[in-house]
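One letter stands for each residue in the lines below.
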Amino acid sequence: MKYVDEFRDGQLARDIAAKISIEADPERQYNLMEFCGGHTHAIFRYGIPDLLPDNVRMIHGPGCPVCVLPINRLDTAIELAVTHGVILCSYGDMMRVPGSRKRSLLKARAEGADVRMVYSCADALKIAQQNPEREVVFFAIGFETTTPPTALVLHQAEKLGLTNFSVFCNHVLTPAAISNILESPEVRELGILPLDGFIGPAHVSTVIGSQPYDYFAEEYQKPVVIAGFEPLDVLQAIRMLVRQLNEGRAEVENEFSRAVTPAGNERAKSLVADTFELRRVFEWRGLGLVPYSALKIKQRFAAFDAERRFTLDYKSAQENKACECGAILRGVKNPRDCKLFGNQCTPENPLGSCMVSSEGACAAYYSYGRYQERERTIATDSPQSPQSN
Amino acid sequence: MCLAIPVRVESLIDEETALADIGGVKKEINVALIEDLAVGDYVILHVGFALNKIDPEEAAKTLALFAELDEAAQREAIEASL
Ligand code: SF4
Chain A
1 MKYVDEFRDG QLARDIAAKI SIEADPERQY NLMEFCGGHT HAIFRYGIPD LLPDNVRMIH
61 GPGCPVCVLP INRLDTAIEL AVTHGVILCS YGDMMRVPGS RKRSLLKARA EGADVRMVYS
121 CADALKIAQQ NPEREVVFFA IGFETTTPPT ALVLHQAEKL GLTNFSVFCN HVLTPAAISN
181 ILESPEVREL GILPLDGFIG PAHVSTVIGS QPYDYFAEEY QKPVVIAGFE PLDVLQAIRM
241 LVRQLNEGRA EVENEFSRAV TPAGNERAKS LVADTFELRR VFEWRGLGLV PYSALKIKQR
301 FAAFDAERRF TLDYKSAQEN KACECGAILR GVKNPRDCKL FGNQCTPENP LGSCMVSSEG
361 ACAAYYSYGR YQERERTIAT DSPQSPQSN
Chain B
390 MCLAIPVRVE SLIDEETALA DIGGVKKEIN VALIEDLAVG DYVILHVGFA LNKIDPEEAA
450 KTLALFAELD EAAQREAIEA SL
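Quick mapping for you: the protein sequence lines, in order, are chains A and B.
Per the working numbering, residue 1 is the first one in the first sequence, and the count goes up by one each step.
Per the working numbering, residue 390 is the first one in the second sequence, and the count goes up by one each step.
Bound-form chain A, shown alone:
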């Protein structure tokens, strides 16, 4: 596939990795966070940690949309389907995430609730058109990549004059989460999470552009390199970060210039601004309450806002105490630090969200991590397989 295969060449990957080994100063540590779950997935799938020198360490960030959704929002979605009897349309990954008392959308469906898995929010709109006598709610989650499609669907619903369609909006913002990590006590006061630089998101940045990261480079003096999701993109970004750190620079660089511009997609950004506004505060799994980190639907579309349409009850929810997802999402712990990893908690029987989504760190470790010693998977995958955001 064009724009995929060329960026997976195994020999080039080894060459770039060799270059990183030469350039990395053996006297220092390089602690680099990949924000995006899509990068976490790529890093493990292609065995990138094996190619890096020991002093270049990747720390996995909170950029997995399924993983960061707090349990009470999931419980509320389940409540919509069960108590309010709506047709609840959800992206597939969300279906198996355990909510309170290990309930999930999948289990609710098995017990008779009308939960439907959709590939796109446009499918949810179609379901609403086909079922005029039923209430249809789209369970919207995700970062800046899934937000413009949700906005488009809200505009379409308005144009069509639908009276049975609404959106349960849980869209969150990448820059707010990066700020939260940089401001966290682990990074600032305790110093237990050393962070030297960031690999910036690929597809999120196609929408918001590279400009929003300037602030992190300037204010926190951390270099940011925006990178594509293919293995060569990731390796090249690591090399660019190593080079910036060696030269004492903290700049925003763009490795993914084939799809990311400084301003991003203006049309998508203005559509989002027309449709949503900032929430004062929103809860993230792992990060807690983060100010101005999520979007809600504007007054103009109030009729399509499930939170105004239904009386919803946000009960406080208990996470599985032994699950370390929260600390993993903050970059403070590693999936192997969790006692349940690979024993009680597996992708077939996930106890936490990080084991559900293929972008979750636990799932990535489980699926690829254990085989790293034996084989290097770089560039041997089928070129057809899609990648995540």
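There may be inaccurate statements among the hints.
Derived DEER-like restraints, expressed as beta-carbon distance ranges [unchecked claim]:
{"no.": "1", "chain 1": "A", "residue 1": "R300", "chain 2": "B", "residue 2": "A427", "range": "31 to 37 Å"}
{"no.": "2", "chain 1": "A", "residue 1": "A327", "chain 2": "B", "residue 2": "G412", "range": "37 to 43 Å"}
{"no.": "3", "chain 1": "B", "residue 1": "D425", "chain 2": "A", "residue 2": "N320", "range": "47 to 53 Å"}
{"no.": "4", "chain 1": "B", "residue 1": "K450", "chain 2": "A", "residue 2": "K102", "range": "48 to 54 Å"}
{"no.": "5", "chain 1": "B", "residue 1": "E446", "chain 2": "A", "residue 2": "K339", "range": "46 to 52 Å"}
{"no.": "6", "chain 1": "A", "residue 1": "D214", "chain 2": "B", "residue 2": "D425", "range": "25 to 31 Å"}
{"no.": "7", "chain 1": "A", "residue 1": "R300", "chain 2": "B", "residue 2": "D425", "range": "44 to 50 Å"}
{"no.": "8", "chain 1": "A", "residue 1": "E189", "chain 2": "B", "residue 2": "G412", "range": "47 to 53 Å"}
{"no.": "9", "chain 1": "A", "residue 1": "M117", "chain 2": "B", "residue 2": "A427", "range": "30 to 36 Å"}
{"no.": "10", "chain 1": "A", "residue 1": "E189", "chain 2": "B", "residue 2": "E447", "range": "38 to 44 Å"}
{"no.": "11", "chain 1": "B", "residue 1": "V414", "chain 2": "A", "residue 2": "K126", "range": "18 to 24 Å"}
{"no.": "12", "chain 1": "B", "residue 1": "V428", "chain 2": "A", "residue 2": "G92", "range": "30 to 36 Å"}
{"no.": "13", "chain 1": "B", "residue 1": "I402", "chain 2": "A", "residue 2": "T163", "range": "25 to 31 Å"}
{"no.": "14", "chain 1": "A", "residue 1": "K298", "chain 2": "B", "residue 2": "G413", "range": "38 to 44 Å"}
For lysine-lysine, the following DSS-like pairs were computed, each having C-alpha atoms within a straight-line distance of at most 30 Å [what the hints assert, rightly or not]:
{"no.": "15", "chain 1": "A", "residue 1": "K2", "chain 2": "B", "residue 2": "K415"}
{"no.": "16", "chain 1": "A", "residue 1": "K269", "chain 2": "B", "residue 2": "K415"}
{"no.": "17", "chain 1": "A", "residue 1": "K159", "chain 2": "A", "residue 2": "K2"}
Just so you know, these hints were derived from the structure itself, not from any lab.
Note that the Cβ used here is the ideal one computed from N, Cα and C, for glycine as well.
Model the placement of chain B with the ligand on the given structure of chain A, informed by the hints.
The following block gives chain B with the ligand in isolation, referenced to the frame of chain A:
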């Protein structure tokens, strides 16, 4: 959750819809977010919506950068081993 792949635009259907080639299969995609789309353009497809165009020149530049690194890496590796 969010699959995203580069796909080629085969034909434009209306303002908001195009036909794309997805690994050999033709599928309708939503292109309402893209300005100045033309047949033959590659876009990043995400949950049925095109998010942005791929710039072929920038892609070629990035690839060239990998290749240059390749030569430079070899040179340095040779020098380092002398
Ligand atoms: S292995 Fe399972 S229980 Fe442990 S942190 Fe990961 S998701 Fe949570």
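Fill in: Enumerated hints in conflict with the structure, sorted upward
Numbers 7, 17 - these are the hints that the structure violates, sorted from lowest upward.
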